[in-house]
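Q: Chains as they are written, first to last, in the numbering used here: chain A, 1 to 335; chain B, 1 to 335.
These are calculated hints, taken from the structure and not from any lab test. Here the structure is a predicted model, which means the values were calculated and not measured. Incorrect hints may have been included.
Same chains, same label: a pair holds when it works inside one copy or across any pair of copies.
[As the list claims (entries may be wrong)] In silico lysine-lysine, DSSO-like type, Cα no more than 30 angstroms apart, as pairs:
no. : residue 1 : residue 2
1   : LYS307    : LYS190
2   : LYS264    : LYS238
3   : LYS190    : LYS141
4   : LYS283    : LYS169
5   : LYS211    : LYS186
6   : LYS52     : LYS211
7   : LYS238    : LYS52
8   : LYS307    : LYS185
9   : LYS264    : LYS289
10  : LYS307    : LYS180
11  : LYS28     : LYS238
12  : LYS52     : LYS264
13  : LYS28     : LYS264
14  : LYS79     : LYS169
15  : LYS289    : LYS185
16  : LYS238    : LYS10
17  : LYS295    : LYS283
18  : LYS264    : LYS10
19  : LYS289    : LYS310
20  : LYS264    : LYS141
21  : LYS255    : LYS211
Residues per chain are reported as follows:
There are 2 protein chains.
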Amino acid sequence: MRAVSIKNGKGPVDALYIDDSVSEPELKNGEVLIRVKAFALNRMDLMQREGKYPVPAGTSSILGVDYSGTVLKIPPGTKTPLQEGDDVFGLVKGGAYAELLAAPVETIFLKPKELSHEVAASIPEVWFTATQVLLEVGEFKNGESLLFHAGASAVGIAAIQLAQLHNAKYVFATVGSDSKKEAVKKLQLKNSPTKIIPINYNSEEFVDVIKENSPEGVDVIIDPVGGIYFTRNVSILKLDGRDVVMGSMTDTNVKFDLLAVMLKRLQIKGTTLRSRPLAYQGKIADIVKAEILPKIVSGDLLHPIEKVFKLEEIVEAHKLMESNKTTGKIVVTIP
Amino acid sequence: MRAVSIKNGKGPVDALYIDDSVSEPELKNGEVLIRVKAFALNRMDLMQREGKYPVPAGTSSILGVDYSGTVLKIPPGTKTPLQEGDDVFGLVKGGAYAELLAAPVETIFLKPKELSHEVAASIPEVWFTATQVLLEVGEFKNGESLLFHAGASAVGIAAIQLAQLHNAKYVFATVGSDSKKEAVKKLQLKNSPTKIIPINYNSEEFVDVIKENSPEGVDVIIDPVGGIYFTRNVSILKLDGRDVVMGSMTDTNVKFDLLAVMLKRLQIKGTTLRSRPLAYQGKIADIVKAEILPKIVSGDLLHPIEKVFKLEEIVEAHKLMESNKTTGKIVVTIP
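I would like the entire structure built from these sequences, with the hints used as guidance.
A: Given below as structure tokens:
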């Protein structure tokens, strides 16, 4: 089958190529075979391509964690209401940059006919991650306040909306430009009581902006950036506040004051989604199915697509993501 | 009434004195009046005496959080099965170093007749704290492994036994002497599958001892010491491990690697019991009542008393605690 491979196993963007001679995936127990029609890019794909992302044990070495396509084969005895021929989308631990994919039934969704394969493929990783970091790890509760770093990222866009579904009081979001501030403001949901306050980190100090608007601080911080923000994050958390570390794009050696962590009863929680057991991912899938998917279909939740590429343009697709200039999802189709 | 006061509000041990002219406490809603027969000392009393412990808002400025005594007065309308004259013991947010005490009904226990007031008074803070840090904050589960720093402390003695009730695989405990190692080994419960491994921090490196016995590390670390251990704690935690910061007796400015916290999905959780809402403390009380108290009465759980003083000897009692040489509880009686 055709799949995206990496010359010498890892390397820069130009190491990516279309490989015609990749073996078809073998189905493990509980997996079905998918003919992939579209897959989405995620930031960790860049890290994995460069050999900097520790792929969970037993995972395909092929890039890609979310896909949309058609069910080709369901082994006898597999527990699933799916049928061969169904249009589906979902999340896998790896292998989505390929024509054929082994996908676990726990994290497969029937594709609503209102959604194209391009849109469907770009939903799982973003919304699973937002759900995981905000609701599961962050334990965000109705009426609490949120700070999301990198608020104009795809996960930021999802989490800012999700926090509104849970009646956030304030959502603060750091972004890198005034145009991204405007984009974040547009995430205000109809009839939501939430006050969304974007912060341009190039011209404003987030601690000051938060103290001015919400002197008591915030309950939950979700941070895909890491090092540079950590000490300030701890300083701005309320009693019982939670700092969720979901990425570390900057220096990862950080300092903090243990006494403040104790007296404010803070929680610092590191997380990754991809390494989680399937049962955990299945629980997240249930939340996404019930709470989120219907609202994406109805248009009540915004889920922007930045650009769609063809498989042959995979290098251009990775280059666009590396540019750090996009806000919507980058998708690749396999006709 | 008589109570222990502090000359000039805070100071060294000699600032403590018996004050004959302290006003009787006023009962707030949900509180009953107790005639205190005994109270126990806790390490935070020393910090509070020195003005270094932030007492929760609305709390009595009198020292002391656990007591045993007799119910003197229950205001009409108070929801409690207790009756005036009952012998009781329990936890308060402050005020126990006094003849009369206002105590909330949520955290009062009927005193089993098998327990003296001296023993009963010394139970709540220790066992509430052990329950809180191990089960609630630490989320310790059957079959997991624990590292407890300061394992020969009163809370350590309680937590090491509690972990065995939850079928701990390994319990590692740092202590300051070989005689304390022996004391910790004696905490092995009958028929417990747990392997208890005390570590003398003056002659052994805890990271090495743990790696040798349990190469994968530990699931939960409970640390009343803080700064000096923090980086090593993070290094020895398993995937999904939890580091519970319940004290900081050393330098509190610590460094750590955010990337390790993310990839191992670690949780660093600060906590104090005294600042918690009454509903939370009531929940802990229910666990102590059901799981622990019957086993202290039956002698299946060890709860050592170091020494009992009279009220007039309060200075000597504090001096003994300051010596850092005790393992059992220090109790003061008010005849």
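Q: State for each hint whether it applies.
A: Going through the hints against the structure:
no.	hint	result
1	LYS307 to LYS190	within (27 angstroms within a copy, 66 angstroms between copies)
2	LYS264 to LYS238	both (7 angstroms within a copy, 25 angstroms between copies)
3	LYS190 to LYS141	within (20 angstroms within a copy, 43 angstroms between copies)
4	LYS283 to LYS169	both (26 angstroms within a copy, 28 angstroms between copies)
5	LYS211 to LYS186	within (23 angstroms within a copy, 52 angstroms between copies)
6	LYS52 to LYS211	between (37 angstroms within a copy, 26 angstroms between copies)
7	LYS238 to LYS52	between (34 angstroms within a copy, 21 angstroms between copies)
8	LYS307 to LYS185	within (22 angstroms within a copy, 64 angstroms between copies)
9	LYS264 to LYS289	between (35 angstroms within a copy, 28 angstroms between copies)
10	LYS307 to LYS180	within (17 angstroms within a copy, 66 angstroms between copies)
11	LYS28 to LYS238	between (45 angstroms within a copy, 27 angstroms between copies)
12	LYS52 to LYS264	between (35 angstroms within a copy, 15 angstroms between copies)
13	LYS28 to LYS264	between (46 angstroms within a copy, 26 angstroms between copies)
14	LYS79 to LYS169	neither (42 angstroms within a copy, 35 angstroms between copies)
15	LYS289 to LYS185	within (26 angstroms within a copy, 51 angstroms between copies)
16	LYS238 to LYS10	between (43 angstroms within a copy, 28 angstroms between copies)
17	LYS295 to LYS283	within (19 angstroms within a copy, 38 angstroms between copies)
18	LYS264 to LYS10	between (44 angstroms within a copy, 23 angstroms between copies)
19	LYS289 to LYS310	within (28 angstroms within a copy, 65 angstroms between copies)
20	LYS264 to LYS141	both (18 angstroms within a copy, 25 angstroms between copies)
21	LYS255 to LYS211	both (22 angstroms within a copy, 26 angstroms between copies)
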